[in-house]
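Take these sequences, add in the hints, and give me the full structure.
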Amino acid sequence: MKSPILSQTFLSFSFLISFYTSFCQISEPASTNLFKNVEFGFNIGYLNEITQIEPLLDRLKKQNINSLRVFEPFTKGLYNDSAKLYGYIEKIIKHDFKLLISISDFPYEENADLSQLNEKQKKAYSYSNRFPPTDYEKYTLYMQTFFENIVRKGWLPPIQFEIGNEPDAPLFFWGNKIEFEKIRNILYRNIEKYDSTVLCCGYTSSFFKENLIRKSAETSVQNELSYLTEKNISLSFHIYPEEKNIYTEILNPDPRIFHSYITEYNVYSYVLKSSTEKLKYINSYNFIYELALLLKFCYTYDVKKVYLYRLEENRKNQGGLGFFDSIHNPKPCYDYFIRFYEVIKNGFMLKETPESLEIIGQEETIKVSLNYCTINESQKNKITESYSGVTGTIPGFLNRKEWIIYRNK
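1297 is the number that this note's numbering gives to position 245 of the sequence shown; each next residue is one higher, with no gaps.
Treat the hints as calculated values from the structure; they're not laboratory data. It cannot be assumed that every hint is accurate.
Listed next, the in silico DSS-like pairs over lysine-lysine satisfying Cα-Cα at most 25 Å (straight line) [as the list claims (entries may be wrong)]:
1) Lys1383 - Lys1330
2) Lys1150 - Lys1356
3) Lys1356 - Lys1397
4) Lys1190 - Lys1245
5) Lys1245 - Lys1356
6) Lys1174 - Lys1205
Have a look at this one:
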């Protein structure tokens, strides 16, 4: 295999910085009176992890959550074993779930040059090939067969496809910009034949770093946006806000990013059992505050769907990131999310002041303190759930990140 030019954040899309940071600091109080909806789903990781999480699917459906996302479907042991590959997909489909498949790895090829890979990349290669193809004609035929089989089995829909998974990150794509564009074009030409929604390309939160705002990137940004718009491809990206310091600037968003998909979301992207403070934060009342900021963004930019990362902790990282532990017990962050989702699942509006953000559902409202805000008597009398930092009587105020849930009537 030819030596790849490892990606060094080759698509510096400053527009992603623009549209995410702009919603976080609004100089004038904002109020909206239009109910909107955003759908939620979960990432399960690799396709073969469906066996691990299958017992949770009925539980999700009871909460009206029926969307899952997998990435890198062609891992070692699957790319050349069609019975296993389609067997795992069928396990999801038979539960009446919608499945987003992120096509983000490639069939293994002989004589791969590993000399330019670092240790983390070499470890990844033991189960996933992220080198771009050396034979694009052969790759095209492989993917044509894959799509044709999906269609023949009657799985399109509920299956949708996403092209790429963090192709701007050196860990997840071992090629250059031109090679990725070739892959993207091949996949798009095959998927669009079936009139299916196409997402691209699962970009990282690293786009939000200030040092990526470069005027020299504007041409490629505009070219990429124009391509997605011309082809009717929906933009997809990942958000891990606490690691990227993305709530800092107000920039004008590009309207072409509206109606996009957030295909990975959590407060932090990588959490080990030893990450005590991160785990404590995610599994505390603070998670409602983070979800409120996320929902404000979704409302402002008409985000269609959010996939939370990840449904269950990896069994190799027990005690780490996940809404359930490895024996299917829910963690506090799952309970916080479900309580949040109960308020907004049938539609929601926003009301914002410099002090607070109110997410108004059909029957209840979540009031989150952005700085220091008061609670009026009407709200206090209708409180159904709260976290105010004290036990007993609810005080007449909330400190930053604290919240209450109260009935609308």
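**OP:** Assess, step by step, whether the Cα of Lys1150 is no farther than 25 Å from the Cα of Lys1356, and give holds or violated.
**Re:** holds, 14 Å
Subject >> 25 Å limit on alpha-carbon distance, applied to hinted pair Lys1174 and Lys1205 >> reply: violated, 35 Å
Original post:
CA of Lys1190 to CA of Lys1245, is that 25 Å or under?
Top reply: Holds - the C-alpha atoms of Lys1245 and Lys1190 are around 19 Å apart, at most 25 Å.
Subject >> Hint consistency between Lys1245 and Lys1356 [alpha-carbon to alpha-carbon, up to 25 Å] >> reply: holds, 23 Å
Original post:
Is the Cα-Cα distance between Lys1356 and Lys1397 25 Å or less?
Top reply: holds, 13 Å
Subject >> Straight-line alpha-carbon gap Lys1383 to Lys1330, limit 25 Å >> reply: holds, 14 Å
Checked against the numbered hints given earlier, this structure breaks only hint 6.
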